Amino acid sequence: MAQKLTANRLIDGTVLYWRGGGWTESFAEGEILPTEEAAQAALAAAREDVARNLVVGVYLLELKGEAPLKEREIIRAFGPSIRPDLGKQARG
Amino acid sequence: MPLIKDGQLADDIYTAVDDAAPLPEGPVIVSLKRLRAEREALLGRNQKLGVKLTSEESPESIGSDLDRLSLVVLEFPKFRDGRPFSWARILRTRLKFEGEVRASGDFLYDQIAFLVRVGCDSFVLPPALTPELFQRALGEMSLVYQPAADGKKIIRDLRA
Amino acid sequence: MYRYDEFDATFVRERTEQFRYQVERRLKGELNEDQFKPFRLMNGLYLQLHAYMLRVAVPYGTLSAPQMRMLAHIARKYDRGYGHFTTRQNIQYNWPKLKDVPDILAELATVEMHAIQTSGNCIRNVTADHFAGAAAEEIEDPRPVAEIVRQWSSLHPEFTFLPRKFKVAVSGGPQDRAALRFHDLAIEIVKNDAGRVGYRILVGGGMGRTPYIGYVIGDFVEKPDLLSFLEAVLRVYNENGRRDNIYKARIKILAHALGESEMRERVLREFSEIKRSGTLQVPEAERARIAAYFAPPAFETLPDTVLPKDGALGQWVTSNVHKHRAPGYALATISLKPIGGVPGDISHEQLDGVAELMDDFGYEEIRASHEQNLVLPHVKQSDLPAVFARLQALGLATPNAGLISDIICCPGLDYCDLANARSIPIAQKLAERFADLDRQHNIGEFKLKISGCINACGHHHAGHIGILGVDKKGVEFYQLQLGGSAAEDASIGDIMGPGFGEHEIVDAVERVVDLYVKLRQPGERFLDTYRRIGMEPFKNIAYQEQLHAAH
Numbered sequence: 001m002a003q004k005l006t007a008n009r010l011i012d013g014t015v016l017y018w019r020g021g022g023w024t025e026s027f028a029e030g031e032i033l034p035t036e037e038a039a040q041a042a043l044a045a046a047r048e049d050v051a052r053n054l055v056v057g058v059y060l061l062e063l064k065g066e067a068p069l070k071e072r073e074i075i076r077a078f079g080p081s082i083r084p085d086l087g088k089q090a091r092g
Numbered sequence: 001m002p003l004i005k006d007g008q009l010a011d012d013i014y015t016a017v018d019d020a021a022p023l024p025e026g027p028v029i030v031s032l033k034r035l036r037a038e039r040e041a042l043l044g045r046n047q048k049l050g051v052k053l054t055s056e057e058s059p060e061s062i063g064s065d066l067d068r069l070s071l072v073v074l075e076f077p078k079f080r081d082g083r084p085f086s087w088a089r090i091l092r093t094r095l096k097f098e099g100e101v102r103a104s105g106d107f108l109y110d111q112i113a114f115l116v117r118v119g120c121d122s123f124v125l126p127p128a129l130t131p132e133l134f135q136r137a138l139g140e141m142s143l144v145y146q147p148a149a150d151g152k153k154i155i156r157d158l159r160a
Numbered sequence: 001m002y003r004y005d006e007f008d009a010t011f012v013r014e015r016t017e018q019f020r021y022q023v024e025r026r027l028k029g030e031l032n033e034d035q036f037k038p039f040r041l042m043n044g045l046y047l048q049l050h051a052y053m054l055r056v057a058v059p060y061g062t063l064s065a066p067q068m069r070m071l072a073h074i075a076r077k078y079d080r081g082y083g084h085f086t087t088r089q090n091i092q093y094n095w096p097k098l099k100d101v102p103d104i105l106a107e108l109a110t111v112e113m114h115a116i117q118t119s120g121n122c123i124r125n126v127t128a129d130h131f132a133g134a135a136a137e138e139i140e141d142p143r144p145v146a147e148i149v150r151q152w153s154s155l156h157p158e159f160t161f162l163p164r165k166f167k168v169a170v171s172g173g174p175q176d177r178a179a180l181r182f183h184d185l186a187i188e189i190v191k192n193d194a195g196r197v198g199y200r201i202l203v204g205g206g207m208g209r210t211p212y213i214g215y216v217i218g219d220f221v222e223k224p225d226l227l228s229f230l231e232a233v234l235r236v237y238n239e240n241g242r243r244d245n246i247y248k249a250r251i252k253i254l255a256h257a258l259g260e261s262e263m264r265e266r267v268l269r270e271f272s273e274i275k276r277s278g279t280l281q282v283p284e285a286e287r288a289r290i291a292a293y294f295a296p297p298a299f300e301t302l303p304d305t306v307l308p309k310d311g312a313l314g315q316w317v318t319s320n321v322h323k324h325r326a327p328g329y330a331l332a333t334i335s336l337k338p339i340g341g342v343p344g345d346i347s348h349e350q351l352d353g354v355a356e357l358m359d360d361f362g363y364e365e366i367r368a369s370h371e372q373n374l375v376l377p378h379v380k381q382s383d384l385p386a387v388f389a390r391l392q393a394l395g396l397a398t399p400n401a402g403l404i405s406d407i408i409c410c411p412g413l414d415y416c417d418l419a420n421a422r423s424i425p426i427a428q429k430l431a432e433r434f435a436d437l438d439r440q441h442n443i444g445e446f447k448l449k450i451s452g453c454i455n456a457c458g459h460h461h462a463g464h465i466g467i468l469g470v471d472k473k474g475v476e477f478y479q480l481q482l483g484g485s486a487a488e489d490a491s492i493g494d495i496m497g498p499g500f501g502e503h504e505i506v507d508a509v510e511r512v513v514d515l516y517v518k519l520r521q522p523g524e525r526f527l528d529t530y531r532r533i534g535m536e537p538f539k540n541i542a543y544q545e546q547l548h549a550a551h
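Chains as they are written, first to last, in this note's numbering: chain A, 1 to 92; chain B, 1 to 160; chain C, 1 to 551.
The calculated EDC-like cross-link candidates involving lysine to aspartate or glutamate, where the alpha carbons are at most 20 angstroms apart (straight line), are:
1) C:97 <-> C:34
2) B:153 <-> C:5
3) C:28 <-> A:12
4) C:99 <-> A:12
5) C:248 <-> B:56
6) B:78 <-> C:239
7) B:153 <-> C:14
8) A:88 <-> A:31
9) C:28 <-> A:49
10) C:473 <-> A:62
11) B:78 <-> C:34
12) C:275 <-> B:150
13) B:48 <-> B:18
14) C:165 <-> B:81
15) C:97 <-> A:25
16) C:77 <-> A:85
17) B:33 <-> B:19
18) C:99 <-> A:49
19) B:152 <-> C:286
20) C:472 <-> C:504
21) A:70 <-> C:417
22) C:37 <-> B:140
23) C:275 <-> B:60
24) B:152 <-> C:14
Stretch by stretch, here's where chain C covers chain B in the computed footprint (C-beta under 8 angstroms, at least three residues):
25) 88-95
26) 106-115
27) 138-148
28) 152-159
Reference listing, derived: stretches of chain A covered by chain C, where coverage requires no fewer than 3 residues with Cβ under 8 angstroms from a Cβ of chain C:
29) 7-17
30) 53-64
31) 73-82
Just so you know, these hints were derived from the structure itself, not from any lab.
Predicted, not measured: the structure shown is a model, and the values here were computed from it.
Cβ atoms here follow ideal geometry from the backbone N, Cα and C, with glycine treated the same way.
The shape of chain A in the complex, shown without the other chains (with noise of 0.2 angstroms):
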């Protein structure tokens, strides 16, 4: 199943994800990792910036076609329901 990698910034807690051995804060930009192997190795890499200090709580998440399968990824990716004027979904 595919996947992308996900954490949070450490200095400012905001929401990204992992494309071509860097981060975005957008999940559309997020690399699709499309087999086990590239996902292992895309956490293996992403861990190399937590140690560096640069984000925290890194993670893979399943996709489901282009979206986030469960909906906490969905929420996490644009932003709070109830406030569509918050969060990345309200940058349009």
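Given the coordinates of chain A, assemble chains B and C onto it according to the supplied hints.
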């Protein structure tokens, strides 16, 4: 690992000894289990004797032998196991122990000031802590609201 | 209300500097997350779903106008323009940056506020009856007791690494508006047969995975002995509480595993020894000194007036205004539950607006209740129309205090890392379904409480109707519990059965409520009818749609 005693780096005169290992010369630290099993031999050695308590063992279980000990080591298996704080305080306030109370194991920078307050006077510094950090930790909070085992004047009494 | 002296101010300032230093070390990488997290939590800072979350302590829910202004300022400068009042009388910010938190704490310190011990395995914010000092049947104001406990518990060297969190509540009389029986430890001010005032101490209440109602561990503790007694309870807990399983680590588990008699014996043994040592006795002078801070304002001699019953003002008075001990005065609840709004949320404009109202009317203090509303404790009855008009302008005049749309609701999956389901949208839909005010008054007193996970921050176990959001194979379901109460008639709600889907739960609740209205006897609240007729009729009607669908 470095030992801090009375606020300074110090040499450790004690040797910690496993339950099955033979006793070397000089002062030793043994488990409570070993103290009970080899009581006569240990107390008869005419050397300073220390006991290491696990976080589950209350110092009250040492019983009257506490008078014969110069050191009680309180082990932190994990920093969030806060039982040794009670053990230290009971050693000082209830059991009136006047020997060395030593904190050992996994404890954090933010626990140092509390450990001193409840009566620890020596510390086996875990890898993340340095003597400089230790000193700094002691000086961060100058005021306290509640009595512990250090006799420090509490805010209520400063107000009087 | 309590005012810091130089000692309290120094204490908070040093704590803020201590936190600043640790944040610097963390950002420089001298501390990893495992080493930093315990200290971060002890200063009220969580990492949640979208961002960090800072929980600011509001001791026994009491706030001044300058404090309200500062909370507004923090929301504007460091956050996204709003805060959230919780079921423990604290306020939460959902979007602070770690690097800003030392500055936030420094600014809070200038108005005698902090975020000390609002998380972590330590003694948390001491909560108290939000009608303190104003309720007619009160024996004594509970807040001096709460303040004494707050000071004693602040950075307590022996009890900062407990098996789990420890929550304390205080109440000043027989009516329990502080949910005492659901706290780890609770203090009820009582009078003995000789007419002397002392404390009844309860232990072992709690919500969460395994809800319990607390039992009495100290029938009558004399005032000077209070802290010695509390110290005894905490020591028994620290020594014996389970540390092998976080779901079994609260004192409620220990208190009920040991049983009342064994627990009492252990506590009494510690208590006698601690009391004998004398170090924790609370001198009368100290009690009086602290009590003086909570002296009520000098009430004018006023007659009781006939309160308005008509129009919008009349509706608001009927639900939101409560009897005061002094004639001519009233308690006024400011509902933070606008229909369709987020329960407990308040904007920076509203925080500032309330502060301005307080200054203009000369109100020194306001309270946050565990039901996520605000309370003005000493409003002259003659001022009620003017106060109401100001609240209307601020969008804070919803006339639903204590009614079914006055819903208690946790942040849920929209904000919280621990949640399994969203709670706020359900609260919004339920409030909208029951929006009609005549209908709400016909339904009467109602405690509807919603939690987004088993941690029960929405106190659903204590709801007349409680709703628990669960995740069933990736889909949100909502379980109903009936018959809970957080008052002196405390009870844990009974689980009805399988959960309802997101699009079914509002209808199910409506069927249950409509059945109550149909079956109740005169004077019965929902809670009373439920206690009389039991679960069966409500269960049948709730699931009736499923039954019809199956056929």
